[in-house]
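Line by line, the protein sequences give chains A and B. Numbering-wise, the first sequence is residues 1 to 236 according to the numbering used here. Numbering-wise, the second sequence is residues 1 to 236 according to the numbering used here.
Just so you know, the hints here were simulated from the structure itself, not pulled from any lab data. Quantities reported herein were computed from a predicted structural model and do not represent experimental measurements. One thing to keep in mind: the hints can contain errors.
[What the hints assert, rightly or not] Part of the chain B face toward chain A, derived, beta carbon under 10 Å:
(1) Ala-38
(2) Gly-40
(3) Ala-61
(4) Ala-65
(5) His-80
(6) Glu-91
(7) Ile-92
(8) Ser-93
(9) Val-95
(10) Leu-136
(11) Lys-137
(12) Ile-177
(13) Ser-178
(14) Arg-179
(15) Ala-180
(16) Gly-221
Ideal Cβ positions, reconstructed from N, Cα and C, are used throughout, including at glycine.
2 protein chains.
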Amino acid sequence: MNIPEKEPHLEKHFKASEFIRDVVIGMSDGLTVPFALAAGLSGSVSGTNLVVIAGVAEIAAGSIAMGLGGYLAARTDREHYENERKREQREISEVPDREKEEVAEILKQWGLKEPNITSAVESISDNPDNWVDFMLKHELGLEKPQPQPQRARNSSLTIGLSYIIGGFIPLLPYIFISRAQTALITSVIATIIALFIFGYIKGRYTGYRPFRSAGQTTLVGGVAAGIAFMVAKIIS
Amino acid sequence: MNIPEKEPHLEKHFKASEFIRDVVIGMSDGLTVPFALAAGLSGSVSGTNLVVIAGVAEIAAGSIAMGLGGYLAARTDREHYENERKREQREISEVPDREKEEVAEILKQWGLKEPNITSAVESISDNPDNWVDFMLKHELGLEKPQPQPQRARNSSLTIGLSYIIGGFIPLLPYIFISRAQTALITSVIATIIALFIFGYIKGRYTGYRPFRSAGQTTLVGGVAAGIAFMVAKIIS
């Protein structure tokens, strides 16, 4: 963090892995629901044409809900942070003593003792910017949003597009194979493999055990598809 | 935080609002994609029977992806936290000096200065439990998971069930009205109103401006439905 000469490198590394993480999140989610919906419908409709129409409509709806929804939520988070920042800035200039007491309370919870607390409060409140950051993070639990707004936009776009690409993996067999049952079996095999691979990569990029993540992603997709199939059979 | 005599009350308040928050999150998400899918399909299929089958299959798939997926993710988070906790415990007993340097580094970033840092490090590392909590939170950025595992399970169940209830709001008109166009118009009006109401409540329970949240939730649902409608029309 305190090594400015290395920042360009770190920055690049951060961007690359953020991008891959977004791709994997969008793709593994995009695989799940379109897969389950297509599998669910395949037992209840004749021919694969309707499965494809419903699948494509789901991909359109899901990618917009995820991409646009995520983008608007990130924008709201950023504005919320800016507003809270202004409010804290006002508070430290209007009621500095009360704000110092709040810093002292936080330090006390972490196990600091007097007279350390008083002098630590003084060094933190010495620099108003630093003081505001401290209050936002430790009093309100707000993390700094990404420095550039376009990164949030790119991230949402990547997730939305990856959802679309992921969603077409289970759908392709229904597009190219006209017999519903053959298409279903091909789609199930292809998607289970894809869910496992993306679950594995997702685990690697989100810091968890990759095989466990692979198993969970596959399980959720499989259970969702199985239940959608049963439910559609019952009501059709 | 430090008012133990009031804890039972706070606990109750926390539980009630957590529950409502889960209901609103599940319901506003459940409204969006089933709504968009049903609206999308209604322009491309004759009769409302297929819209209902596809909608119900989507609700089954989406609620499982959200509920089971959320539950497994929360369980993984909890285990990840426990593992990291054990690792930190090992580190503070095996390499206490290096761990103390890490505490000092964090305090320095917050603006504390020597000799405060050294004595603050001593008081934090005085209590090993406190020291481990400090490292988990401030070195690794990990928040303590919910104290009881069943709360994570209940939360996922609430979200999943609310998704199902939310999903049936746009579907009901297609179940009771056989003419696709009339069902579509009724569904659009009912869902836009429901999205607005749930977006508003969601904003209140997640700490943002309610009318803004209402507008965004409605916008995402409306855009998703509009594009799903167009896409389904084009390919059918």
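- prompt: Which of the listed hints are not met by the structure?
  reply: 6, 7, 8, 9, 10, 12, 13, 14, 15
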